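Below, each chain spelled out in residue letters.
Protein chains: 2
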Amino acid sequence: MDNVTQLKTYLADIVHLQHAAALLGWDQQVNMPHKGAPARAEQLATLSRLAHEQFISEKTGRLLENAEADVADLDADHDNAALVRVVRHDYNLATRVPTALVEELARTTTLAHEIWTKAREAADFNQFEDALARIIDLKRQQAEALGYEDRPYDALLDQYEPQMKTADVERLFDELRAELVPFVAQIFERLDAVDDAPIRQRFEVDKQEAFGLKVLKRIGYDFERGRQDRSVHPFTTEFSINDVRITTRFEEDWLPSALFGSIHEGGHAMYEQGCNPTYEGTFLAGGTSLGIHESQSRLWENVVGRSRAFWGVFYGDLQALFPAQLQDVPMEAFYRAINAVSRSLIRVEADEVTYNLHIMLRFELENALLEGKLAVHDVRDAWNDKMHDYLGVTPPDDGKHGVLQDVHWSSGLVGYFPTYSLGNFLSVQFWEQAVHDVPSIPEDIQRGEFGSLLSWLRENIHRHGRKYFPAELTERVTGGPIQIAPFMRYLKAKYTDIYGL
Amino acid sequence: MDNVTQLKTYLADIVHLQHAAALLGWDQQVNMPHKGAPARAEQLATLSRLAHEQFISEKTGRLLENAEADVADLDADHDNAALVRVVRHDYNLATRVPTALVEELARTTTLAHEIWTKAREAADFNQFEDALARIIDLKRQQAEALGYEDRPYDALLDQYEPQMKTADVERLFDELRAELVPFVAQIFERLDAVDDAPIRQRFEVDKQEAFGLKVLKRIGYDFERGRQDRSVHPFTTEFSINDVRITTRFEEDWLPSALFGSIHEGGHAMYEQGCNPTYEGTFLAGGTSLGIHESQSRLWENVVGRSRAFWGVFYGDLQALFPAQLQDVPMEAFYRAINAVSRSLIRVEADEVTYNLHIMLRFELENALLEGKLAVHDVRDAWNDKMHDYLGVTPPDDGKHGVLQDVHWSSGLVGYFPTYSLGNFLSVQFWEQAVHDVPSIPEDIQRGEFGSLLSWLRENIHRHGRKYFPAELTERVTGGPIQIAPFMRYLKAKYTDIYGL
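Residue numbers (the numbering used here), protein chains in the order written: chain A, 92 to 592; chain B, 92 to 592.
Read the hints as simulated data drawn from the structure, not as lab findings.
Careful, some of the hints might be misleading.
[Unchecked claim] Okay, derived cross-link-like pairs now, EDC-like style, lysine to aspartate or glutamate, Cα gap no bigger than 16 Å in a straight line:
hint	chain 1	residue 1	chain 2	residue 2
1	B	Lys126	A	Glu371
2	A	Lys126	B	Glu371
3	B	Lys308	B	Glu295
Computed from a prediction, not measured in an experiment: that's the story for all the values here.
Pulled out of the complex, with its shape left as it was, chain A reads as follows (with noise of 0.2 Å):
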């Protein structure tokens, strides 16, 4: 056997007990007994600390370097060659921070996140400050054991979005804030031009059910590779090529939780899908990055989904099963209802138009607060502050209309959110790149054939899994870095329609 199969072969234990974990986890939160739960939590325990271990062996060490010497000499566009430096990455994250301070920080977050939810439920930031300083300072300590060479966060960043620097993230942020918010102003003196009462009426959950089924089949979700169950939380988790599952929640009162939450998850899950079955039960397996997975959920949720086109080929479907809703909707004024813009308190609740600026105020605390320069202590007053300046409103709580909204930092996952960002900005840019290759797309998808959109990203992003870091795909697929210039083309365009600016 060779070095590379070597290596290979002793990671697929490693891929195997990811997945079956993934499969404890995907249960826990759509079939699991609630009793079951502490059992759960052993069984968890268990199979993550032997993947873990087995990872962070010294034999893991040994076969990687023997592979690196084997693939020095390859292309670096063999996928021998891809997996050897996403093994070195991914070992070299799991390996620089000592397990005492893994455990202090898996110790740490999971009594932060018992005092978030509590702090939340009171709407009290200050219940939760004293966490948020013991996160900030672990880490700041994960971040100089990871390693940078120009700002902490880029250590932290590295782990959800590879290779990407924190420098980059801001100048793409500067280049944002100076044109969105603005624009954002802009609508907002013209907040009533749309009237979102269309999809806030009752929409039976059966019949809701069975329309996004419809729709993702119709996109492309392979179903003979995947399903779709329900969970108080959606999300898209795999335990194989083969096996991409998705779920999401219904809202009986607020049709597009459902609809749009499905699509959005069906999009992650394609990308899985696509991937190169080669590359199944290996680490190339799955997304390269968060920004690059959220560039499909939003490129099909928000690009497609949301688009005239789309609804052109589904409304009559939606209409005739919701006849006394929306048959006398005209599909235009349903088009502008699920395109409303809002003065959004809330991230997972924004419209297009204003997510980004929810995303740029958490980057910038975490930044400050990284770098020193924000004490704990004064970040709810910085976050209002940056909510008044960007959005105009002041959150009228710290729960969840304020700064403990989100689950995030009680999770220990700072650096995380900037890649929510990314994926907007890249699914524009993929989407303008797509419709440049196949020029035939926009009229495909008006005709009800989403194929030639799908085929276009299984061939340029989905088969390629995690064999190239996301700048590289970017500059790959678009032939140059991440820009914002697309997104903000396409926002202008959509809403400057919309709103009649």
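Mind docking chain B on chain A? Use the hints.
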């Protein structure tokens, strides 16, 4: 940490891996999109291998010896003594068979299963003959490796029914044969006395499901610690004392399939749910043998579920759900229909009167094969002869009505069948003891109160988990060994009445 705690802690990983594997298996039967199968097989193989390797390691042996020294002075009834006994039993089973033989058995049965599937389809025993011969040869080797005092079959039986001896099973079956065969012949002369047409109508699946769930809740299956799903082959599986799941299958034209299937699996599941919670995550959790397990499922399915008292409680509800089918069917006619006896050719469809004849036949053939008294080439003829002797019928084919009907032999499960009959015998023996100890049980059931029976089962059987080997448990519960007499008394009283003998 004392030695027993060290052993427990070390073995907890194995328990968690086994439970994770069980969940992967459950998901495969219940949810998995079919293209996920190859990856699932790899994941299951990894989990099983890791659990097996860790269990048969020298470390287990060392910790076990230390723990044995620790418990040497303890009362045999102490939980720690029991734990060490159970681990020793499993450790011997797992380590005595050489790895090469384990692998050869796995390879051979994987192939044999495919051959069996085709042979069964073609209803041609000859196609399966060579595979069966190889399996019998390997099972003989396995028996030698496991070791036995008297009969090679003892070693195989011990895997499913610890410490049970072949000679004891023979004695039970000899007694059974003498009493049952003439009794069955009497019933066969009066088969026309019962009409099963009432249960052979069209019963909507959704209503069947609703009714089954109602019955399960009522008899005491805890849905906060379990759930029922659908699968091709019904089964019970557990991932914790607090997460014990069952499956069922629905046949629209045959009411008993799902209904009695659900009660049967519910009986298995209540056994697991009733285990002492302090055994969670240890080798003491679970059922002590397949025979004891089957006693619980059969007690609820047959002794309770096919009784007049049970239907006095539920028949009104069933009629209300299926008025078109049942409003003109008196309860007595329904009761007779669900207890109809037939000249059954197929074990899994057999009524409770003829069921054990099917098992006796298989047990006799397995023993004769293992001891070289029967050639594999002659198995089909021997099967058909015994079917004629015991049931007065000759199978019309080798396939699903004949010698190839069961999956067991192709999977290497030799020594497994008798546990079904042991369960049937014990179901009545335990029932008689329960009624002796708590005389109100029959009246409680007539009033729809199943708690007094379930409490007795919990206290006397369920809570002990694997603490006592089956013979010891039976002795503790009933004051004596397993017997045929209670079962035959029950059959004779019930069917003399139904068939007017």
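Hints versus structure:
1. B:Lys126 to A:Glu371: holds, 13 Å
2. A:Lys126 to B:Glu371: holds, 13 Å
3. B:Lys308 to B:Glu295: Distance of about 20 Å is beyond 16 Å: violated.
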